Amino acid sequence: DQQVKQNSPSLSVQEGRISILNCDYTNSMFDYFLWYKKYPAEGPTFLISISSIKDKNEDGRFTVFLNKSAKHLSLHIVPSQPGDSAVYFCAASSKNRDDKIIFGKGTRLHILP
Amino acid sequence: DAMVIQNPRYQVTQFGKPVTLSCSQTLNHNVMYWYQQKSSQAPKLLFHYYDKDFNNEADTPDNFQSRRPNTSFCFLDIRSPGLGDAAMYLCATSRAGEWEKLFFGSGTQLSVL
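First to last, the sequence lines map onto chains A and B. Just so you know, we're using our numbering here: the first sequence kicks off at 318 and counts up by one. Just so you know, we're using our numbering here: the second sequence kicks off at 15 and counts up by one.
Each hint should be verified, as a subset may be incorrect.
[Said to hold, decoys possible] Quick list of in silico lysine-lysine cross-link-like pairs, DSS-like style, CA-CA up to 25 Å:
hint, chain 1, residue 1, chain 2, residue 2
1, B, K31, A, K388
2, B, K66, A, K354
3, A, K422, B, K52
4, A, K422, B, K115
5, A, K322, B, K31
6, A, K354, B, K31
7, B, K66, A, K388
8, A, K371, B, K115
9, A, K388, A, K354
10, A, K322, B, K58
11, A, K322, B, K115
[To be verified] To be clear about the criterion: a stretch of chain A counts as covered by chain B if any three or more of its residues have a C-beta under 8 Å from a C-beta of chain B, and this derived list gives those stretches:
hint, region
12, 318–327
13, 352–361
14, 421–427
Simulated from the structure, these hints should not be mistaken for lab results. Computed from a predicted structure; not experimentally measured. Backbone N, C-alpha and C fix where the C-beta goes; we use that ideal spot for every residue, glycine too.
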C-alpha cells in the first residue's frame, strides 16, 4: 500500500524550461515532506523540504508547493539545467511515527538540450 | 570529506548463504538506517539505530538482522538470502534533531544466485 505516490516514472523537459514533478500522498498524518535527488551510482541526496504549516518553500531554482486539501505536492525547477537530470524521490514523514521517512518510487527527469 | 561509505558496491551471494553488508560513516551522526530498494520501487526502511537503540520495522523479515558495534559502523546481516532479497541496499545517517536530512551511501547491489 503506497502512502507516497509518484505516478510519472519519467519526465523529459527542454533545457531552460520549467520542470514540474508531482507527488500525492494518502496518509493525512504526514506533516513533513521532502524531495531527494539521486544521480546514477550515487545515493540520494536531500534537496528541499516543506512543513505542513506552509504551502510553499523556495530554495534557489527549486520550489516545493504543498496542497494539503488535495494531499498533493510538487517540485518546480526553474530554469531546468542539464545537471538536473536525475531521479527525484518524494518523501513524507510524521512526527508521530518516530520520524520514519516514507519514500515514493521516484521520477526520472531528463533535461533535453 | 565526511561521508557514508558502503562496501562492497556489488555483492553476489548464493541462495541460502549468509551475507553481510557494511556501512561506515565519518559524520558522527547518531542515527543510522538501512533501506532496501528493489528495481523501480521506493526505498523501504528495514530498521534503524538511534545511538545503540535498535528500531525494527514491523514488516522487516526475521531473515534480516543488524549490528552497530560503534557510532561509525553498521552492518546488515541476511541470514539466509532468497531470490527475493536481491536488491539495492542503502545505508543512511542523520543527526539527531535533523532527522529529515538523510545522508546516503552509494549502496550495495546484492545479487542472489
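A quick look at each hint next to the structure:
no.	hint	in the structure
1	B:K31 / A:K388	violated (44 Å)
2	B:K66 / A:K354	violated (29 Å)
3	A:K422 / B:K52	holds (10 Å)
4	A:K422 / B:K115	holds (18 Å)
5	A:K322 / B:K31	violated (35 Å)
6	A:K354 / B:K31	violated (34 Å)
7	B:K66 / A:K388	violated (36 Å)
8	A:K371 / B:K115	holds (18 Å)
9	A:K388 / A:K354	holds (21 Å)
10	A:K322 / B:K58	holds (14 Å)
11	A:K322 / B:K115	holds (20 Å)
12	318–327	holds (count 3)
13	352–361	holds (count 5)
14	421–427	holds (count 3)
Comparing the model with each numbered hint stated earlier shows that hints 1, 2, 5, 6 and 7 do not hold.
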